[in-house]
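There are 2 protein chains.
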Amino acid sequence: MLLKFVLASFVLLSSIRDGSAGMTSSFVRTKWPSEDMPVDHEVFAIPKGYNAPQQVHITQGDYDGKAVIISWVTPDEAGPSHVQYGTSKSNLQTSKEGTVANYTFYNYKSGYIHHCLIEGLTHNTKYYYRIGSGDSARDFWFQTPPTIGPDTPYKFGIIGDLGQTFNSLSTLEHYLESGGQAVLYVGDLSYSDEHEFEDVGLRWDTWGRFAEKSAAYQPWFWNVGNHEVEFMPEVFCVALVENVREKYSSPLWYAVRRASAHIIVLSSYSAFVRYSPQYIWLKEELARVDREKTPWLFVIVHKPLYSSNVAHYMEGEAMRSVFESWFVQYKVDAVFAGHVHAYERSYRYSNIDYNITGGRRYPVPDTSAPIYVTIGDGGNLEGLASSYLDPQPEYSAFREASYGHATLEIKNRTHAVYNWYRNDDGKRVPADSLVLLNQYW
Amino acid sequence: MLLKFVLASFVLLSSIRDGSAGMTSSFVRTKWPSEDMPVDHEVFAIPKGYNAPQQVHITQGDYDGKAVIISWVTPDEAGPSHVQYGTSKSNLQTSKEGTVANYTFYNYKSGYIHHCLIEGLTHNTKYYYRIGSGDSARDFWFQTPPTIGPDTPYKFGIIGDLGQTFNSLSTLEHYLESGGQAVLYVGDLSYSDEHEFEDVGLRWDTWGRFAEKSAAYQPWFWNVGNHEVEFMPEVFCVALVENVREKYSSPLWYAVRRASAHIIVLSSYSAFVRYSPQYIWLKEELARVDREKTPWLFVIVHKPLYSSNVAHYMEGEAMRSVFESWFVQYKVDAVFAGHVHAYERSYRYSNIDYNITGGRRYPVPDTSAPIYVTIGDGGNLEGLASSYLDPQPEYSAFREASYGHATLEIKNRTHAVYNWYRNDDGKRVPADSLVLLNQYW
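These protein sequences, in sequence, are chains A and B.
According to UniProt numbering, the first sequence is numbered sequentially starting from 1.
According to UniProt numbering, the second sequence is numbered sequentially starting from 1.
Treat the hints as calculated values from the structure; they're not laboratory data.
Possibly wrong hints are sitting among the right ones.
The list treats identical chains as one, so a pair stands whether inside a single copy or across any two.
Claimed, not checked - Below are the SDA-like pairs computed for lysine to any residue, each with C-alpha atoms no more than 20 Å apart in a straight line:
id, residue 1, residue 2
1, K213, Q329
2, K126, Y362
3, K213, N91
4, K427, H174
5, K411, P47
6, K283, Y313
7, K283, M314
8, K331, K411
9, K427, R291
10, K96, Y112
11, K427, V289
12, K89, E400
13, K283, L434
14, K427, G98
15, K66, G49
16, K155, P365
17, K411, S110
With the rest of the complex left out, here is chain A (with noise of 0.2 Å):
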């Protein structure tokens, strides 16, 4: 059974904007205007076919990496809603019966959602599968993770707020040419409640054709962002499988277990406050992260905790009274936000012993302090956040708002290599570089 996002009922609200939309400064990079990308543009195109599969994507399926969730959607009818898969490209042996659901939004009525958890998968080995019949058929592959490891190497692609403009494109095209083998997204994904009516659901669709390039080989791990306070169709969902969930998590808020690195999702939008059923699962998540075998350890949210940009400001304070003391205590390596379309990198720095009464006040160097990154700047149609406060404030190492993505990738327990990469270096130069050293190792 797979789990039934939440948001799924279609909340809705008075429409919400993000309010950073139109800034401009002389930090302002980027090649082409912030608008989407025609419908009728070569990377939204429908696949040819009746009923042929589209918006394929996956996530992990279980907590360490042996499961997988396939998603899909198919145009014209429900069925097929299987999965033929195999570790030979000729011989897809095995088959898994999917589940379907749909929705209508307005005049809108959404294709026939798929989603298949696949199990019992072996690590570390690659497999080819295939969705849809005759002549729709198409075909993709995943490779499994490795096994669980403290020294397992694993690179991850972080994209945030991506859109589907032009400089969307620009940041996917990018991450595909990095070795990425997984992304951690950190919330933002379509836009398409910039739209209105029917168009919602349009460019919910064909924002899953876009990311379908990447999205369809390696998973990417979901986080909620404000544009998807109200609405994410099903076909985005956080589709983490029930039995998984009712231990250890829910479809907002989730960690999965990947290589050498242990990922924590939080929801900036539920309830963290203590006694919250948020509060009280991160409490127990991060008392079962073992960094012997894991000791990686990075939190995904949407606010950012520590951002000096002027939009959204001091916008992740709340979450940050609240948390902020036990990734300092768990020796968190890093944060990852979204939310603020720019980018910016902390040093490990923490306001732990802010007081309202009395006592320390202003975030100092700490050592056992995760880095804060936010790169909320995969590139949608609001565009840039280029107001930054000035001066610099201490905490913030390196700020700048251009659109791009990061990657980290994992060499053994004790050395990653982090790189943030913008779109308008033609050549895949790094613009902000760090070797991250494990907090625990």
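Using the hints, position chain B against chain A.
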């Protein structure tokens, strides 16, 4: 149609304890031990007769006080579910049908929970009502509030974290003598979740019978505390009618106007960060406040934003970081909270210029700020929270770990009298008194 309380789906997480139990210090003032009254205590007596209505309570059923929702439980069968009511005790000429629901919890099977919305009432009128039938019928009454108006006097009671101990009984008995016309309830009702299995349900029932003595005759405005986060039987649902909710509210956060007061109830345990539904709602609700019609603006939350008690210290920081600037901007008169099992009142202080990068760091006197009252001293089984920060912070005007309740008597648009009464003073001499000057007029 009555609204079904969203928490009635009984999320069964691990038990949450308050953490403040068992603290003792020289400040503790209590006559009785902190344990629940025995189930056979007379205050929990089951009304005689087959299927006799019990746990009767009312709340305001619309924005301006011309509707009430009457709720009750029948133990034996679902019907009848109507309320007979009228302005003459001997002629209950109108009948209105309610809705019925029930639930199970472990081996506990609830009674039949009735909600009946009565609309179109006349302001400032005494209504008599009868529920149940034949020998089991029971009679009650309530007084509708005066028409909304800037100089309309009204007397509110303020109670929090009541529970069902002998101290709780003392609090309720003292309140019953106060002349209060409606209760602002700051969260944590029955503490039934401190019991196990069937007893959780049974202790909701006993609490409902205990509170009936007041709640059947005057509206209690409910707020969700941590003891309701997981499990809140529908019988105590915050039953605003659906058409009010659709426009203005949710069952977890809502606003009503009564006499000369605009009352905003917030949920400490729902998301409240920017872009969250509660944030959007509050922004709109504050803009709807018309101080020309309702000069008095009160906010009810569960977690205090200012408290110098060691228990739950700074748990309200997350909400403070998001909402405090609005409370100052809109000149809220007072913010009432519970959660901490003690009493505290602040001066008018704010900390809205706190800035993580630089700027003001501590709360400072601010004539536009509300007073913050923590009044989680109703008397539940967890006992008093009697350890305070030493020295007393400048923002703290009065604090004491004693059981009690408060009243707020609005005299006109400019003046209101606020009193806190501790149970241990036999005579009803206020232990903390204040003439509140309206923040708008």
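Which hints, by number, does the structure contradict?
1, 2, 3, 5, 9, 11, 12, 13, 14, 15, 16, 17
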